[in-house]
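Chemist: Work the whole structure out from these sequences, hints included.
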Amino acid sequence: MTFNRLLGAATTVAALALATAPTLAQTKFEFWYGLSGDLSDRIQDMCKDFNASQADYEIVCVSQDNYEANLQNTIAAFRANKQPTIAQISDGGTVDLMLSGAYLPVRQLMEENGYDINWEDYFSGVASYFATSTGELLAMPFNNSTAMFYYNTDALKAVGFEGAPETWEQVEKIARDLKAAGYDCPVAFDPTGQWQWWEQFSAIHNQPIASNGNGYGGLDAEVLFNQGKFVDQLGWFKKMYDEGLFVVKSKATGDTANDAFVNARCQMSSSSVADHGFIGKQAVEGMHWDVAMLPVWEGTERQNSLVGGAALWTLKGKSAEEYKGAAAFYAFIAKPEQAEWWSTVTGYIPVTNSGYDAMVAKGFYSEAPYKGRELALKSLTFTPPSEYTRGVRLGNFGAVRKEIQDAMSAVLFNNVPVQQALDDAATRSNEVLRKFEATYAGKTLP
Amino acid sequence: MERRAYYRNGTLPWLLIAPQLILVLVFFYWPTSQALYWAFTLEQPWGGGNSWVGLSNFLSIFGDGRYWATVGRSAFYAIAATGISMVIALTLAMFADRALKGTKLFQSVFVWPYAIAAPAAGVAFRFIFAPEAGIIGSINEMWPGIWNPATNGGHALAMVIVCHAWLGIGYNFIFFLAALQMLPRSLTEAGAMDGARPFQRMIDLQLPLIAPTVFFLLIMNLISSFTDSFGLIDVMTEGGPINSTEVMVYKLYVDGFKGLDYSGAAAQSIVLMLLVIALTFVQFRWVEKRVHYN
Chain A
1 MTFNRLLGAA TTVAALALAT APTLAQTKFE FWYGLSGDLS DRIQDMCKDF NASQADYEIV
61 CVSQDNYEAN LQNTIAAFRA NKQPTIAQIS DGGTVDLMLS GAYLPVRQLM EENGYDINWE
121 DYFSGVASYF ATSTGELLAM PFNNSTAMFY YNTDALKAVG FEGAPETWEQ VEKIARDLKA
181 AGYDCPVAFD PTGQWQWWEQ FSAIHNQPIA SNGNGYGGLD AEVLFNQGKF VDQLGWFKKM
241 YDEGLFVVKS KATGDTANDA FVNARCQMSS SSVADHGFIG KQAVEGMHWD VAMLPVWEGT
301 ERQNSLVGGA ALWTLKGKSA EEYKGAAAFY AFIAKPEQAE WWSTVTGYIP VTNSGYDAMV
361 AKGFYSEAPY KGRELALKSL TFTPPSEYTR GVRLGNFGAV RKEIQDAMSA VLFNNVPVQQ
421 ALDDAATRSN EVLRKFEATY AGKTLP
Chain B
1 MERRAYYRNG TLPWLLIAPQ LILVLVFFYW PTSQALYWAF TLEQPWGGGN SWVGLSNFLS
61 IFGDGRYWAT VGRSAFYAIA ATGISMVIAL TLAMFADRAL KGTKLFQSVF VWPYAIAAPA
121 AGVAFRFIFA PEAGIIGSIN EMWPGIWNPA TNGGHALAMV IVCHAWLGIG YNFIFFLAAL
181 QMLPRSLTEA GAMDGARPFQ RMIDLQLPLI APTVFFLLIM NLISSFTDSF GLIDVMTEGG
241 PINSTEVMVY KLYVDGFKGL DYSGAAAQSI VLMLLVIALT FVQFRWVEKR VHYN
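Residue numbers (UniProt numbering), protein chains in the order written: chain A, 1 to 446; chain B, 1 to 294.
I should point out that these hints are in silico values taken from the structure, not numbers from a laboratory. Ideal Cβ positions, reconstructed from N, Cα and C, are used throughout, including at glycine. A few of these clues could be false.
Ranges of calculated distance between the beta carbons of each label pair, as one might list FRET restraints [unchecked claim]:
| no. | chain 1 | residue 1 | chain 2 | residue 2 | range |
| --- | --- | --- | --- | --- | --- |
| 1 | B | Pro144 | A | Gln44 | 39 to 47 Å |
| 2 | A | Ala69 | B | Ala69 | 37 to 45 Å |
| 3 | A | Ala368 | B | Ile135 | 33 to 41 Å |
| 4 | A | Arg79 | B | Thr280 | 23 to 31 Å |
| 5 | A | Asn66 | B | Val111 | 42 to 50 Å |
| 6 | B | Val123 | A | Ala52 | 54 to 62 Å |
| 7 | A | Val284 | B | Leu55 | 36 to 44 Å |
| 8 | A | Gly114 | B | Val123 | 48 to 56 Å |
Derived pair list, reagent style DSS-like, types lysine-lysine, alpha-carbon separation capped at 30 Å [unchecked claim]:
| no. | chain 1 | residue 1 | chain 2 | residue 2 |
| --- | --- | --- | --- | --- |
| 9 | A | Lys48 | A | Lys229 |
| 10 | A | Lys443 | B | Lys258 |
| 11 | A | Lys238 | B | Lys258 |
| 12 | A | Lys239 | A | Lys229 |
| 13 | B | Lys104 | A | Lys318 |
| 14 | A | Lys82 | B | Lys104 |
| 15 | A | Lys378 | A | Lys173 |
| 16 | B | Lys258 | A | Lys251 |
| 17 | B | Lys104 | A | Lys316 |
| 18 | A | Lys443 | A | Lys28 |
| 19 | A | Lys362 | A | Lys48 |
| 20 | B | Lys104 | A | Lys229 |
Modeler: Here it is in structure tokens:
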């Protein structure tokens, strides 16, 4: 009896040892990302699929909640030599990383590990944001998007507007009609949404954000947002806000713009195409809505919009085995079916031309619930990128964005004159840029 | 007779205090020395190099109007939060000290807020004060737009200060109650027999007698509002709207970790540290030595 038990135990141990032996040979590596909620769940699915698809590597995917926290934590980890192999870094953190020398260029990584990727296949907008001036991609394009305009078709119909608002003149008229018809919140406005309300506005109206071609020409760029069309645009925001046509919806008010829109409390809103999936799922029963490219002012020659989102950077200081794993993971997410799945469940754009064509051919974009997402591509590729629409290459760009948020809030809430608010923001932003330039003295953008 | 213990072995005392010393060195002096070094250099966010710039980081923060606004705001925050918290705690302690019905219950209930972590309280207060969804926000139904901490800086600052004060009440209450209960009963009873009402006894008798506790709490509360306000502000307002709730400790976080200006943040942390050291010095040198009545 006892002997049998012992024997049983011994066999179990042996069997376990055998079963776990292959896992021990696996190379584990970490991937830190800055998304939460539904998007985080989808990344976890992706990681599980990758682990199930092969036996040599195990990816451990860790959510750091948001891009900012992910950047901070990755930097802290890097300084302590505890960095993950892969980190998802958003558009705004690109320049800091480019100059740091803390990464392994993705092209080199893939070549060294024997993967043949057609780099020409990536969207020019994506490539110009995350590549060197000679066009070599430094990071793996991952989740990319652009800003869109969402509108409640029921409400617009109720005031006699059919179709999509294409100009700000139309938006203003619709907003006024909605207000007159008793709608409390015609347009949801979030002053922390400088990405859609400022950066994308500047791009599609071909307005410079900074000199040197938005900083691509060198670290001595100065911001230019306090001259040109954005000054009038902010003045228009103020007018709309004072008339109650723009209503502030943000985390601070306890009701975000997206929440207000999906619950039909606000009838128009601007947000990333990545929220297309969320809005589709969360929109209240019976509500009809649609999506359009961001409006422009009448008589504007529309330019392409800016790529938003993030890319995957491979950090230095890991073993060759871990890099092999990272390369295998990149190859996995670059597979057409994987790219299609990712784009389907989230709303992020397919990052390659062939991926997009395949989805069009399948009829993915022609029917609900995915209809409308193709407009993001249309917006991104409306014209070839100009000097001011290929991206923004400013150091510590997060601090500059904060200045714009503060300027917009100061104009709206504290009645600071538009020009004064933007001049102050520009002065402070230039101080940030000069300090950044001094911190990386003698270095040039790759 | 001299009561002193001697160690014959010279190394043993050092060994005994070594764990404490190592802790302090690793978790205090080492990071402080790093911050001090960074404050005089331009530090690259991802590491990899820095350059010596002398006092330039300090000159740039002292020449920045927004920094001085932050200093003024921190001072106001500290005084307001400390004042509110201590006055309410003292009042509650006075009541709980008197033998009223339910005193035992109140003595423990009033301490509870101290056990709540600041971020948790911040989330709760943010919800309570939310202009559109919260309980306080419901006054907007009666007078639209009267309360809006999302756009009105004054409202936002008041909201954070109230929450900070509320969190501190429990801590202050314990100290006040303990101090009051240490006073000999005979004193207040004598006062009562001479015809002094409770309020007069409080002003003329109890308050002067617990002055050491009052001063101790004053300093502790001031220090706490300079440093512990971070968690609350981060959860409730993130320094907004338009930086109107940005106090010194939050600005250095924003500049350092969000703006990736490690050097400017290091300089600010040195200034903040000097301020707290000065307050502590006042407490040790001035308060602990002089305010004694026994």
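Chemist: So, for every hint listed, does it hold in this structure?
Modeler: Hints versus structure:
1. A hinted range of 39 to 47 Å holds for the C-beta pair B/Pro144 and A/Gln44, which are about 44 Å apart.
2. In this structure, A/Ala69 and B/Ala69 break the distance hint of 37 to 45 Å, their C-beta atoms being roughly 27 Å apart.
3. Hint check: A/Ala368 to B/Ile135, Cβ distance near 40 Å, so the stated range 33 to 41 Å holds.
4. The beta-carbon spacing between A/Arg79 and B/Thr280, approximately 30 Å, falls within the hinted interval of 23 to 31 Å.
5. Against the hinted window of 42 to 50 Å, the Cβ-Cβ separation of A/Asn66 and B/Val111 comes to about 35 Å, which falls outside the hint.
6. The given range of 54 to 62 Å is broken by B/Val123 and A/Ala52, whose C-beta atoms sit roughly 37 Å from each other.
7. Remark: the range hint 36 to 44 Å for A/Val284 to B/Leu55 is contradicted by a beta-carbon distance near 59 Å.
8. Checked against the given bound of 48 to 56 Å, the beta carbons of A/Gly114 and B/Val123, roughly 50 Å apart, stay inside it.
9. Of the pairs offered as hints, the one joining A/Lys48 and A/Lys229 is violated, with about 47 Å between alpha carbons and a cut-off of 30 Å exceeded.
10. The straight-line distance between the Cα atoms of A/Lys443 and B/Lys258 is roughly 22 Å, inside the 30 Å bound, and the hint therefore holds.
11. A C-alpha spacing of about 27 Å is found between A/Lys238 and B/Lys258, which places the hinted pair at or below 30 Å, so the restraint holds.
12. For the suggested pair A/Lys239 and A/Lys229, the alpha carbons sit about 15 Å apart, so the restraint of at most 30 Å is met.
13. Only pairs whose Cα atoms come within 30 Å are accepted, and B/Lys104 paired with A/Lys318 is rejected, the gap being roughly 61 Å.
14. For the proposed pair A/Lys82 and B/Lys104, the alpha carbon gap of about 52 Å is over 30 Å, so the pair is violated.
15. For the hint linking A/Lys378 to A/Lys173, the alpha-carbon distance of about 25 Å falls within 30 Å, and the restraint holds.
16. Pair hint B/Lys258 plus A/Lys251 holds up; C-alpha atoms about 18 Å apart against a cutoff of 30 Å.
17. Of the pairs offered as hints, the one joining B/Lys104 and A/Lys316 is violated, with about 61 Å between alpha carbons and a cut-off of 30 Å exceeded.
18. Under the criterion of a C-alpha separation no larger than 30 Å, the hint pairing A/Lys443 with A/Lys28 is inconsistent with the structure, at around 35 Å.
19. Only pairs whose Cα atoms come within 30 Å are accepted, and A/Lys362 paired with A/Lys48 is accepted, the gap being roughly 26 Å.
20. Taken as a hint, the B/Lys104 and A/Lys229 pair is broken in the structure, with Cα atoms around 67 Å apart against an allowance of 30 Å.
In summary, the structure is inconsistent with hints 2, 5, 6, 7, 9, 13, 14, 17, 18 and 20 from the numbered list given earlier, while agreeing with the others.
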